[in-house]
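Chemist: Single-letter residue listing:
Protein chains: 2
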Amino acid sequence: MSEQDKAHNAAMKKVQIRHREKMKKKTKPDRGLLLVNTGDGKGKSTAALGTIVRALGWGHRVGIVQFIKGTWKTGEKQFFARFPDLVDLEVMGQGFTWDTQDRAKDIVAAEKAWRRSVEMMSSGDYDLVVLDELNIVLRYDYLREDEVVEGLLARSEKTSVIVTGRDAPGKLLAAADQVTEMMNIRHPFQAGFKAARGIDF
Amino acid sequence: MSEQDKAHNAAMKKVQIRHREKMKKKTKPDRGLLLVNTGDGKGKSTAALGTIVRALGWGHRVGIVQFIKGTWKTGEKQFFARFPDLVDLEVMGQGFTWDTQDRAKDIVAAEKAWRRSVEMMSSGDYDLVVLDELNIVLRYDYLREDEVVEGLLARSEKTSVIVTGRDAPGKLLAAADQVTEMMNIRHPFQAGFKAARGIDF
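Protein chains in written order, with the numbering used here: chain E, 1 to 201; chain D, 1 to 201.
Calculated directly from the structure, the hints in this document are not laboratory data. Check the hints yourself; a few may be wrong.
In silico DMTMM-like pairs for lysine to aspartate or glutamate, Cα to Cα no more than 20 Å straight-line [said to hold, decoys possible]:
no. : chain 1 : residue 1 : chain 2 : residue 2
1   : E       : LYS77     : E       : ASP88
2   : E       : LYS6      : D       : ASP141
3   : D       : LYS6      : E       : ASP200
4   : E       : LYS26     : D       : ASP200
5   : D       : LYS14     : E       : GLU3
6   : E       : LYS28     : D       : GLU21
7   : E       : LYS112    : D       : ASP141
8   : E       : LYS14     : D       : ASP30
9   : E       : LYS13     : D       : ASP141
10  : E       : LYS14     : E       : ASP30
11  : D       : LYS28     : E       : ASP200
12  : E       : LYS22     : D       : GLU21
13  : E       : LYS194    : D       : ASP30
14  : D       : LYS105    : E       : GLU3
15  : E       : LYS158    : D       : ASP200
16  : E       : LYS69     : E       : ASP141
17  : D       : LYS158    : D       : ASP85
18  : D       : LYS112    : D       : GLU157
19  : E       : LYS6      : D       : ASP102
20  : E       : LYS24     : D       : ASP200
21  : E       : LYS105    : E       : GLU157
22  : D       : LYS69     : D       : ASP167
23  : D       : LYS13     : E       : ASP141
24  : D       : LYS105    : D       : ASP141
25  : E       : LYS112    : E       : ASP85
26  : D       : LYS6      : E       : ASP40
27  : E       : LYS194    : D       : GLU157
28  : E       : LYS194    : D       : ASP141
29  : E       : LYS25     : D       : ASP200
30  : D       : LYS22     : E       : ASP40
31  : E       : LYS171    : E       : ASP146
32  : E       : LYS69     : E       : ASP88
33  : D       : LYS28     : D       : GLU147
34  : D       : LYS14     : D       : GLU3
All values reported here derive from a predicted model rather than from experimental measurement.
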C-alpha cells in the first residue's frame with residue numbers, strides 16, 4: 001500500500017469514528033418537518049418532486065397544492081396519476097401572475113388554495129404536503145405571512161411540509177426545520193436557451 | 001377595482017410584455033445540456049431524481065451511475081424498477097469512503113464507474129445520464145478532472161447529463177450549461193435530528 005493510500009485510509013478511519021459519535025447523539029424526528037426550498041436557482045420544485053417519489057416509495061400519502069400554474073406539467077401529472085390512492089393534487093393557480101393581470105382574482109385563488117392546504121395539513125391524512133410556489137403568493141401579499149406561518153405550525157404532528165418558491169419570507173425561514181437556498185450560478189436561459197423537454201418540464 | 005389592484009395589474013402587464021420579448025430571442029436547446037448540482041445543502045440528488053421523473057414522463061431513456069453507495073435507497077430503486085425498458089441503474093460505489101478506508105479499492109471502483117459513464121454518454125442510447133456524487137470522487141482525486149471534463153464534453157449530442165455532489169471542481173463548472181448551488185441555510189441535523197424516512201431516503 002502506498003504512503004498516500006495509508007494516510008488517506010487513516011484519515012478516513014478518523015472521519016468514520018467522528019461520524020459515528022455524532023450520530024449517537026442524533027434522534028429520529030418524532031414529528032413531521034417543515035422544509036423550505038428557496039433561492040433564484042433551479043431545483044426547488046424539482047427537489048420536492050424527488051422527495052415525493054421517495055415518500056411514495058414508502059407508501060406514504062402525499063398532498064400537493066400548486067399555487068401557481070405551470071410547475072407540474074403533463075409528465076409529472078401522468079406520474080402522480082399512477083398513484084391514485086396515495087397522491088392528491090390540487091391545482092389552484094390561474095396561470096402566472098403576469099398572465100392574469102388580475103390581482104383580485106389571484107387573491108381569491110390564493111385564499112382558496114390556502115384553505116385546501118390547511119385542510120390537508122391538519123387532517124392527519126398525509127405524511128407529506130407540498131405547497132408549491134407558496135412563497136410567490138406571499139411575495140405578492142396575496143396571503144398574510146403571519147396567518148400562513150401559524151397554519152404551517154398548527155399542522156398535524158405526523159405531517160411534513162415542503163414549501164417552495166423564491167424569496168421565502170423571514171418568518172417562514174425562522175419557523176422552518178430545514179432551509180435550502182438553490183442559488184443560480186449559471187443558467188442555460190442566460191446562454192439563449194429556452195426550457196428543455198425532459199429537463200425543465 | 002382598487003388603486004392597488006390597478007397599479008399591480010399595470011405592472012404585471014409590463015412584466016408580461018418584457019417576458020415575451022425576451023422569450024422571442026431564446027431558442028430550444030438543439031443538444032443535450034450539462035447540468036451540475038453542487039453545494040453543501042440538500043436537494044442535489046433529490047432534484048436529479050425529480051428530473052428523472054420528468055424525463056420518464058416523456059418516455060425518455062435514462063442512465064444512472066451511482067459513484068457513492070447510499071443515495072438511491074430501496075424506495076427509489078423500486079421506483080426505477082417500474083421502468084425496466086427506460087432506466088439503467090449502475091451502482092458502483094462500495095459504500096461511503098469513510099466506510100471502506102481503502103483508497104486503492106475505491107479508485108478501482110471509481111474508474112469502473114467512469115468507464116460505464118462514458119459508455120452511456122457516448123452511446124446515443126440515453127436522453128439523460130445522471131452521474132450521482134461524481135464530484136465527491138473528483139474531490140478525493142479518484143479520477144482525473146481533465147479526463148472527466150473531456151469525457152463529459154465528448155458525449156452524444158442528444159444526451160443531457162446531470163452531475164451531483166458538493167465541491168464541484170472549477171473545470172467542470174466552466175464546462176457546464178447550468179450550475180446550481182444548493183446552500184444549506186438550516187438543516188434538521190443541526191437540531192439533533194437524524195435523516196427521516198420518506199424525506200431523506
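Chemist: Determine for every hint whether it applies to the structure shown.
Modeler: Consistency of the hints with the structure:
{"no.": "1", "hint": "LYS77(E) with ASP88(E)", "result": "holds, 11 Å"}
{"no.": "2", "hint": "LYS6(E) with ASP141(D)", "result": "holds, 15 Å"}
{"no.": "3", "hint": "LYS6(D) with ASP200(E)", "result": "violated, 33 Å"}
{"no.": "4", "hint": "LYS26(E) with ASP200(D)", "result": "holds, 15 Å"}
{"no.": "5", "hint": "LYS14(D) with GLU3(E)", "result": "violated, 65 Å"}
{"no.": "6", "hint": "LYS28(E) with GLU21(D)", "result": "violated, 50 Å"}
{"no.": "7", "hint": "LYS112(E) with ASP141(D)", "result": "violated, 53 Å"}
{"no.": "8", "hint": "LYS14(E) with ASP30(D)", "result": "violated, 48 Å"}
{"no.": "9", "hint": "LYS13(E) with ASP141(D)", "result": "holds, 18 Å"}
{"no.": "10", "hint": "LYS14(E) with ASP30(E)", "result": "violated, 30 Å"}
{"no.": "11", "hint": "LYS28(D) with ASP200(E)", "result": "holds, 12 Å"}
{"no.": "12", "hint": "LYS22(E) with GLU21(D)", "result": "violated, 53 Å"}
{"no.": "13", "hint": "LYS194(E) with ASP30(D)", "result": "holds, 10 Å"}
{"no.": "14", "hint": "LYS105(D) with GLU3(E)", "result": "holds, 15 Å"}
{"no.": "15", "hint": "LYS158(E) with ASP200(D)", "result": "holds, 16 Å"}
{"no.": "16", "hint": "LYS69(E) with ASP141(E)", "result": "holds, 18 Å"}
{"no.": "17", "hint": "LYS158(D) with ASP85(D)", "result": "holds, 18 Å"}
{"no.": "18", "hint": "LYS112(D) with GLU157(D)", "result": "violated, 23 Å"}
{"no.": "19", "hint": "LYS6(E) with ASP102(D)", "result": "holds, 8 Å"}
{"no.": "20", "hint": "LYS24(E) with ASP200(D)", "result": "holds, 18 Å"}
{"no.": "21", "hint": "LYS105(E) with GLU157(E)", "result": "violated, 33 Å"}
{"no.": "22", "hint": "LYS69(D) with ASP167(D)", "result": "holds, 18 Å"}
{"no.": "23", "hint": "LYS13(D) with ASP141(E)", "result": "holds, 18 Å"}
{"no.": "24", "hint": "LYS105(D) with ASP141(D)", "result": "holds, 13 Å"}
{"no.": "25", "hint": "LYS112(E) with ASP85(E)", "result": "violated, 23 Å"}
{"no.": "26", "hint": "LYS6(D) with ASP40(E)", "result": "violated, 28 Å"}
{"no.": "27", "hint": "LYS194(E) with GLU157(D)", "result": "holds, 17 Å"}
{"no.": "28", "hint": "LYS194(E) with ASP141(D)", "result": "violated, 35 Å"}
{"no.": "29", "hint": "LYS25(E) with ASP200(D)", "result": "holds, 18 Å"}
{"no.": "30", "hint": "LYS22(D) with ASP40(E)", "result": "holds, 18 Å"}
{"no.": "31", "hint": "LYS171(E) with ASP146(E)", "result": "holds, 8 Å"}
{"no.": "32", "hint": "LYS69(E) with ASP88(E)", "result": "holds, 16 Å"}
{"no.": "33", "hint": "LYS28(D) with GLU147(D)", "result": "violated, 29 Å"}
{"no.": "34", "hint": "LYS14(D) with GLU3(D)", "result": "holds, 17 Å"}
Going down the numbered hints, you'll see the structure goes against 3, 5, 6, 7, 8, 10, 12, 18, 21, 25, 26, 28 and 33, while the others check out.
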